[in-house]
Amino acid sequence: MLLSWSQSLCCLRRRIQPQLSSFPSLADFHRYLGEVGKEGSYDEADRFYGEALSAAYANLDPADPTRLSTVLNVAVFRHDCQHNIDGATEILNTTVSEYEKQNKVSKPPQTENDKLIELMKFNLKQWAGKEDPEEDSD
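So in numbering that gives the first Met the number 0 the end of the sequence shown lands on 137, straight run, no missing numbers.
Among the clues, some could well be false.
Said to hold, decoys possible - Taking lysine-lysine pairs in the DSS-like style, the calculated list, with each CA pair at most 25 Å apart, reads: (1) 106 <-> 120; (2) 114 <-> 124; (3) 124 <-> 106; (4) 100 <-> 114; (5) 124 <-> 100; (6) 120 <-> 100; (7) 124 <-> 103; (8) 103 <-> 120; (9) 114 <-> 103.
Said to hold, decoys possible - FRET-style restraints, in silico, Cβ to Cβ: (10) 34 <-> 126: 17 to 23 Å; (11) 60 <-> 118: 27 to 33 Å; (12) 92 <-> 34: 22 to 28 Å; (13) 109 <-> 37: 36 to 42 Å; (14) 80 <-> 101: 29 to 35 Å; (15) 126 <-> 99: 15 to 21 Å; (16) 35 <-> 63: 29 to 35 Å.
By construction, these hints were calculated from the structure, which means they are not laboratory data.
None of the values given here were measured: they were computed from a predicted structure.
Glycine included, C-beta positions come from ideal geometry on N, C-alpha and C.
Working from the sequences, and respecting the hints, build out all of it.
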């Protein structure tokens, strides 16, 4: 028996929605639907990314890798799918700044957190139009 998109989504929501980690998964699911042309999927992805971000801000430390990866996913979605470059760069700049006030980033990056921060910096430089974001790493 094959399930329709809405039936599959309904089952997915019932099983994983109560968990904090479900919001990014649901957002990613809708993003992928949007990438293949399913109408309204980006709006749903935006809603779930918003819920994921709110839950991460409310429940996780600014240096938590789950929070950092959620921020990174939201920023990439805003940049790539919504073409909201200002929104994407603002959220990454704020996160990098918050992180660096509390933590020293090791060179080369040693922890998962450091690697996520370096990836955020790489994206910021790339989005700012630098030719080779690698050449200026701070």
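Tested hints:
Between residue 106 and residue 120 the alpha-carbon distance is near 13 Å, which keeps this suggested pair within the 25 Å criterion. Straight-line distance between C-alpha atoms of residue 114 and residue 124 comes to about 15 Å, which keeps the hinted pair within the 25 Å bound. Restraint check for residue 124 and residue 106: satisfied, since their Cα atoms lie roughly 18 Å apart, inside the 25 Å limit. Simply put, residue 100 and residue 114 have alpha-carbon atoms about 16 Å apart, close enough for the 25 Å limit, and the pair holds.
At most 25 Å may separate the alpha-carbon atoms for a hinted pair to count; residue 124 and residue 100 meet this at roughly 20 Å. A threshold of 25 Å between alpha carbons decides the hint, and for residue 120 with residue 100 the separation of about 15 Å falls inside it, so the pair holds. A C-alpha spacing of about 20 Å is found between residue 124 and residue 103, which places the hinted pair at or below 25 Å, so the restraint holds. Distance restraint check for residue 103 and residue 120: the Cα-Cα separation of roughly 15 Å lies within the 25 Å cut-off, and the hinted pair is therefore satisfied.
Taken as a hint, the residue 114 and residue 103 pair is honoured in the structure, with Cα atoms around 12 Å apart against an allowance of 25 Å. Between residue 34 and residue 126, the C-beta spacing of about 19 Å keeps the proposed range 17 to 23 Å intact. With their beta carbons about 19 Å apart, residue 60 and residue 118 fall outside the hinted range of 27 to 33 Å. For residue 92 and residue 34, the Cβ-Cβ distance of about 26 Å falls inside the hinted range of 22 to 28 Å, so the restraint holds.
Separated by about 40 Å at the C-beta atoms, residue 109 and residue 37 satisfy the suggested range of 36 to 42 Å. Between residue 80 and residue 101 the C-beta distance comes to about 30 Å, which sits within the given range of 29 to 35 Å. Between residue 126 and residue 99 the Cβ separation comes to about 19 Å, which falls inside the hinted range of 15 to 21 Å. Judged by the Cβ atoms, the range 29 to 35 Å given for residue 35 and residue 63 holds: they are separated by roughly 32 Å.
Of the numbered hints stated above, the single one contradicted by the structure is hint 11.
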